[in-house]
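The primary structure of each chain is shown beneath.
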Amino acid sequence: MRSGDNAVVRAESAARLGDRGQVDSEQSFEAFCQRNFVLVERFLLAQCADRGLVEDAVQEAFITARDKWEQIRDYEKPLAWMYKTARYKLLVLHRRSRQDTVVGLEEVPPERLAEPADPAEARELLRGWLPRLPPRQAEVFVLALDGWSDHEIAGILGIAYNTVRTYRQEARRRLKELAQQAGFETPSGRDRG
Amino acid sequence: MNLDDILSLASDRTLSELERARARRATRRVQEEYQRAVSEGRDLTGDVEVRDPLTSETDEAARITRAAQLAKLGTVSWLRASGQLTWSDEMALIVGCPPSLRPSIPALSRLIHPDDLGKFRQVVESVWRDRTVRETTCRVVRPDRITRYVHCYLEYVVDGENRPHGIIATARDITELELARQEQERLARRRETVQAELAGRDPVTGLFHRARFADEIDTAQRGGPGVLLVVAVEPVGPAVGPGTGLDDTEPGDGTDEQDRLALAVAQVVRRVARRSDVCGLTGPNEFGVLMQRTTLSSATALAESIIDGIRSQSFVLGRTRLVDAWGGLVRYQGRDGSRGADLIVDAETAWRRARATGVSRVALDQPAAEDERRELCRSRIRATVAENRFTLYTQPILDLRLNQITRQEILLRLVNDGGQAHSASTLLGDAERVDEILTIDRWVIDRTIELIAQGSRTSHYQVNLSGRSLGDPHLLERVQQQLQRYDVDPGQLTFEITETARIGNLTEAHNFAYGIRQLGCQLALDDFGSGHVPFAFLTYFPVDLVKVGGEFITGIRHSVANRGIVRSIVEMCRALGIRTAAEHVEDEATMDLLRDYGVDFAQGYLVGKPKPVTGSPRTVPAPAEVEPDPERELRAATG
Chain A
1 MRSGDNAVVR
11 AESAARLGDR
21 GQVDSEQSFE
31 AFCQRNFVLV
41 ERFLLAQCAD
51 RGLVEDAVQE
61 AFITARDKWE
71 QIRDYEKPLA
81 WMYKTARYKL
91 LVLHRRSRQD
101 TVVGLEEVPP
111 ERLAEPADPA
121 EARELLRGWL
131 PRLPPRQAEV
141 FVLALDGWSD
151 HEIAGILGIA
161 YNTVRTYRQE
171 ARRRLKELAQ
181 QAGFETPSGR
191 DRG
Chain B
1 MNLDDILSLA
11 SDRTLSELER
21 ARARRATRRV
31 QEEYQRAVSE
41 GRDLTGDVEV
51 RDPLTSETDE
61 AARITRAAQL
71 AKLGTVSWLR
81 ASGQLTWSDE
91 MALIVGCPPS
101 LRPSIPALSR
111 LIHPDDLGKF
121 RQVVESVWRD
131 RTVRETTCRV
141 VRPDRITRYV
151 HCYLEYVVDG
161 ENRPHGIIAT
171 ARDITELELA
181 RQEQERLARR
191 RETVQAELAG
201 RDPVTGLFHR
211 ARFADEIDTA
221 QRGGPGVLLV
231 VAVEPVGPAV
241 GPGTGLDDTE
251 PGDGTDEQDR
261 LALAVAQVVR
271 RVARRSDVCG
281 LTGPNEFGVL
291 MQRTTLSSAT
301 ALAESIIDGI
311 RSQSFVLGRT
321 RLVDAWGGLV
331 RYQGRDGSRG
341 ADLIVDAETA
351 WRRARATGVS
361 RVALDQPAAE
371 DERRELCRSR
381 IRATVAENRF
391 TLYTQPILDL
401 RLNQITRQEI
411 LLRLVNDGGQ
421 AHSASTLLGD
431 AERVDEILTI
441 DRWVIDRTIE
451 LIAQGSRTSH
461 YQVNLSGRSL
471 GDPHLLERVQ
481 QQLQRYDVDP
491 GQLTFEITET
501 ARIGNLTEAH
511 NFAYGIRQLG
521 CQLALDDFGS
531 GHVPFAFLTY
541 FPVDLVKVGG
551 EFITGIRHSV
561 ANRGIVRSIV
571 EMCRALGIRT
581 AAEHVEDEAT
591 MDLLRDYGVD
601 FAQGYLVGKP
611 KPVTGSPRTV
621 PAPAEVEPDP
631 ERELRAATG
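From first to last, the protein sequence lines stand for chains A and B. Each residue of the first sequence is one higher than the one before, starting from 1 at the first, in the working numbering. Each residue of the second sequence is one higher than the one before, starting from 1 at the first, in the working numbering.
Same shape as in the complex, but just chain A (with noise of 0.2 Å):
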């Protein structure tokens, strides 16, 4: 959890490079922007499974950070913004494409995978299991681990704070069951380094 802090320290810093001229603040939103387009998308990737879609959406949302990096810039978490922005981006596009007619997964039980062996693969584990959870649940999850405190969370997605506690709770405990019903429920996989 603690690498996600990192990651906006550092993009704080980028944005706090130099003097506030011009060329400077194109460099310091450069430097953001290289920096935290995964993780937006990664963030977005979480709740929507069209690549396409979400790729346009965090594009969006940058660009209008661009315009506004000037006023951004001086948040004490730029990042948190951009997460509300391209958020708020995906869901225009969806309700423009008439994509939100979300179907119901069946409750089927999850398929017997592979143990993940980088980053990569125990994302890509999570997003296969995070359509079960209540899309606002998986939200609120994915923020968590990413580093972002409940009040953070809160402000981000525009809900209450005990609502943040009760969905971190309830998507744990879904997301424990489902690895469960995958395999995964060797006590500590940690001592194997």
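Where hints are given, some of them may not hold.
[Unchecked claim] Heads up, simulated DSSO-like pairs for lysine-lysine below, C-alpha to C-alpha not over 27 Å straight-line:
(1) K72/B / K119/B
(2) K77/A / K72/B
(3) K72/B / K68/A
FYI, nobody ran anything at the bench for these hints, they're computed from the structure. Predicted model only: the values in this text are computed from it and were never measured.
Following the hints, put chain B in place on chain A, whose structure we already have.
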């Protein structure tokens, strides 16, 4: 490995080399697009909130309301301190009220569909009590009576000091989504309850039934000329003596023997027929082969090979038996107006002529003329009746209230030259078609009443009567005379009406129905649900009993569709004061299910197989007990 291990792996935010390259490309694209948007003078932030989402804000309700507004969702909030409700303009729009209207709890309750209000209240109460969040969907009935489905998140909000502050509902009109979901659910159910393929195959041989085979002929005929072959088979054996009426080596109804023979012959027919030929089971011991695009002579050669194949083989039917076979062929041109059913009748006429003249097959160059065909059919039926080539069987019916057999159904069987009894369904079908069914019905009624007179005075009998015969003005009189003649209590007799679609004169049929009930007899409808009986029929015909078609009972345990249909028929009949019976009951689980549904009578192999009538000891010796039905695999292996 467990969830925690997976999560700690997944939370690694390091970018791979590939991802870094992608991020660089994406950044370039963002810059380019931004420049373009600026040069086009596009408004980039109009719909976006430029405000740090993490600025500490004490009023949660205000923050949630703002987020909802941005996402075009409606909100209603209730604050404990004031006890007041406030809603957003969007919310007023969703429930179809002017935004200026001040909402109140009673007014909001009136907007929610009465059937959903209780659940909605419970959800709100649990949110407050458990300090949690819930979601629910309810129907909103707008002031203009239009109903919409609305989904709500109900959140518990606190004030700056983390004290209970109120509840806020974030709502969205999901009518389109909900309708799509319901439609999906309906389609899934429909997939489960509808069969992809039409029924119409014989379960033993897998060949098409007569009606379905006739359809196949109709379809083939549109494609041009061809030849239809019907092969009839009959076991020949020393055990059969003339005049006994029944094959005494095979007690019971001989179903097993017939099934085994049918299966074995079907194999011969399939082996010899060309791959493109369509095969069918046109009747008991009668097989059809439809040959498209062939000449009469090559079809005849194929018929010869089938007949030789059957004759040269001995079949294990209880014991080893030889089987004789005859073929009837008829050539059709296609588009010449003869229907499939007519061609089958012509081919049957041809094989009968072959047998009568002692040859193996007769080939007709063209279909018979319509008049000629009808006349032949009629005289054959009259001859069958005159020669008394029928016999009656009875099948027990269980009264599920008493768990006791209280009734018998009288079934008609045809006795062939070999003395075997088999189903009369083909003959009955022909008789319906050429309007000769009354002759048979009269025969059955006479014999049945005679039989009742000889049997127990407490038993009840159900006898089949064609809807066609109901229109006969003299039938009622005849029943009355016979009842008097044999001194039979009319209360012992139920008439099962079959083929209701063929009721010609509804007024006469109506008179008969009321008349027969006045005598004291009862009326039943056979094969309800499978035949052509409109529901309205039940309201103007004084029916006492409805027999649910066997096709709904077979496999009912595994069919949602059949369960739904049977349950509904029983319920409807109960409301109309009509009792219900189920046919083809073959296992205990089905019986239990039917009992649960409230079906009154059960009939089928589990209750008892049809047996030859024993009530006439003067002419027919009492047959031995019916052997239990051997395994189907055994039956299949004997071919």
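Going through the hints against the structure:
no., hint, result
1, K72/B / K119/B, "26 Å, holds"
2, K77/A / K72/B, "26 Å, holds"
3, K72/B / K68/A, "23 Å, holds"
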